[in-house]
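Fit chain A to the known structure of chain G by using the hints.
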Amino acid sequence: MPVTRTVGAEAASPSSAGSAAGSAVSVAAARAGARSRLARRVVARHGHPREWVWGYLMVAPLALGLAGFYLWPIVQSVYYSFTSWGAFGGQQWAGLANYRAFLSDPQLPKAAWNTVLYSLLLLASIPLSIVFAALLNQVRGRSVGLYRTLYFIPVVSMPAAVAMVWRWLYNGDYGLINYLLSLVGIHGPHWVSDGRFAVYAMALVGIWSVVGYNMIIFAAGLKGIPRHYYEAAQLDGAGRVRQFFSITLPLLSPSIFFVSVVTVISGLQMFDYVLLMLGRSNPALADSKTIAYLFYEYVFLDHEQGMGCAIAVVLTVALLLLTAVQFRVQKRWVHYA
Amino acid sequence: MTRKLSALLCAAALVAAASACSSSTSAAGGGDATGPVTLTYGIWDPNQKPAMQQIVTAFEKLHPNITVDIELTPNADYWQKLQTEAASGTAPDVFWMSTTRIGLYAGQGQLLPLSGRPGFESSPFPASLNGIYTVGGKQYGMPKDYDTIGLWYNKKLFDAAGVAYPTAAWTWQDVIDASKKLTDPAKGTWGIASPDWTQENLYNDIFQAGGWVVSPDKKSSGFTDAKTLSGMQYALDFITKYKTSPTAQQMTDTDPSQLFASGKVAMFTDGDWDALTYKNAPGLQADVAPLPAGPQGRATVINGLANVIYARTPHADAAWEFVRFLGGQQANAIQAASGAVIPAYHGLGDAWVKSMPQFHLQTFVDQLDHAVPYPVSANTGPWATADQTILDQIWAGKLSLNAGAQQLKSTTDADLAKG
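Protein sequence lines, in the order shown, are assigned to chains G and A.
Sequential numbering from 1 applies to the first sequence in this note's numbering.
Sequential numbering from 1 applies to the second sequence in this note's numbering.
Note that these hints are calculated values from the structure, not bench results.
Glycine residues also receive a C-beta, built at the ideal position from the N, C-alpha and C atoms.
As a list, the in silico DSS-like pairs of lysine-lysine whose alpha-carbon atoms are at most 27 Å apart: (1) G:K110 x A:K409; (2) A:K138 x A:K81; (3) G:K110 x A:K398; (4) A:K227 x A:K243; (5) A:K218 x A:K138; (6) A:K243 x A:K398.
Partial pick of chain A residues on the chain G-facing surface, computed with a CB cut under 7 Å: (7) Q80; (8) A248; (9) Q249; (10) D253; (11) P382; (12) T385.
Bound conformation, chain G alone (with noise of 0.2 Å):
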């Protein structure tokens, strides 16, 4: 009888008495004890430990969270992209009305044209990340800290602040950038009212923003290519660029499509800086709605919701397409050593 044998063990302790930091022992013990006696008798009934249960039962509250609140809203966008909404809600059935006007609405060649040319500018912080994480792993010393953290800076700033610096940035007459570009005799353009301009003056800012998250991940992956190698090449004549294209991106090869992979999905979903460094009233926007910006202006602008999610899930599929065309494509490149 082990719980009995606990209990009177604390019991007779003699740092129980009267005390309640003691009975708040015994009765977590307590409670071990009858956990190990329910562990014994499923052990005993099925011959086997029966761990996947507790398996179970641990991942059950982030289980349920997620889905309560990403699998089942998915669920309901799917539904709710086949209705179509009251400015107050209530939905009616409206079959592929929704799909049938998002896929000839004028506005969406240009769209998906900018969502596209954003995620490719965007993965230009691949190359410039290793190149950092290169650099930053030649650092020895305290400084290591202090650089990660320099380079970090961007990565937990709240989009929102990074948008209002950046625009006043890129203001058109009062903006550094331009100040610094009059001083070599540049006249710059209105970076971010110039429809020519825009997407690119963004896709900047996205790749600031994530050059240093990209560039701790290929910290990591550098620190796990083993020294060894690099000692075997030198030995056989390598030189620094012959080792880096022969040891170092391979090995990093892992690390940089797990990169591209998520690069490609946040930069497909680029909404925030449209709306806070453009804003709504501005005659770039035209020139620089990406889909997710489409997305905002149909559910919070005109509260059409069902076709918002009707947006939602056409952007959603595309998404899982080209992951797996990415996840296709990589048994080609990627080695895992």
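Just chain A now, kept in the frame of chain G:
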């Protein structure tokens, strides 16, 4: 020991949460006239919050069993939040309403009609405002304030250029001539700022030209009318023809009211609501004159807010008591003294005018004589948003005015047809 402490803290938090729940339910439960009632009052302007709080305090003194909580939501999110709340039945009991949304909210049964309520009186308010807040023969909004547009000017820049200050006798040509004299590219100053903003700029010019935006039957728009076009052309010419206004890009990067406040722009047509901003702008010596007369004479857009009652409020009677108080002389006098807005109540404009003696604020009140209501329809929001996007393209020079006007008309007419 630490574990026990944290357990205690958890327990304390639970108890606090539970008691908070129970106290709020008891407050909500007391919906009848005798028990204590808590109303929420949704507003969006932080500048006006102190005045609103004073009004609430005065109201609570008269009605000890009613408490009013002010819920401030920044203007950028106010309508999104309100529409979502209204859809789920949780909108504030009383909230601010604008002329652009009244058609949608009243038309979709989200508001309680005020006409017929005991003691309802619309006579103290400008007829044009009462008219906007009347939908289907019933008035839904208790007018709160009104605003008109004036020609703000920078006295320092006028003095430096040797140009006489604008007067009530000015016409479009006077503004054009003055804007040319006041523009100085070397100093980076412009004669005027002429953005594609409808209420502050375009609609006034359209009405001064004798044009129209939405027909009286709300079924068609007048963007392709020759007079409407000439009004828009006048506003656009400052950028494209005379080059006396910053470009659309420049005014997107730096807000024109900011350009005016910092002395970069000599003239700017703007509403009375920015008076406080210009009063507080360091180094700015500004004043305001009536809008100039166009080919068809004088005109200014009049717009204004109203207080409305949410249709699904559990405290309709208490909400009406509050709205009635908001529409009374005392509440309007408090608004006037704060200087933030012109109270809608007849005769209280004087107190507002005196709140900032450095400006000729009487200009805004006097212009009531030729005020034209802000153009609205049963659902103004969608076409107003779509129009702004098209206007942005015209102002940026990507669309000609004529081609843009065609788009404005077809887009607006399509939305008007939806009712």
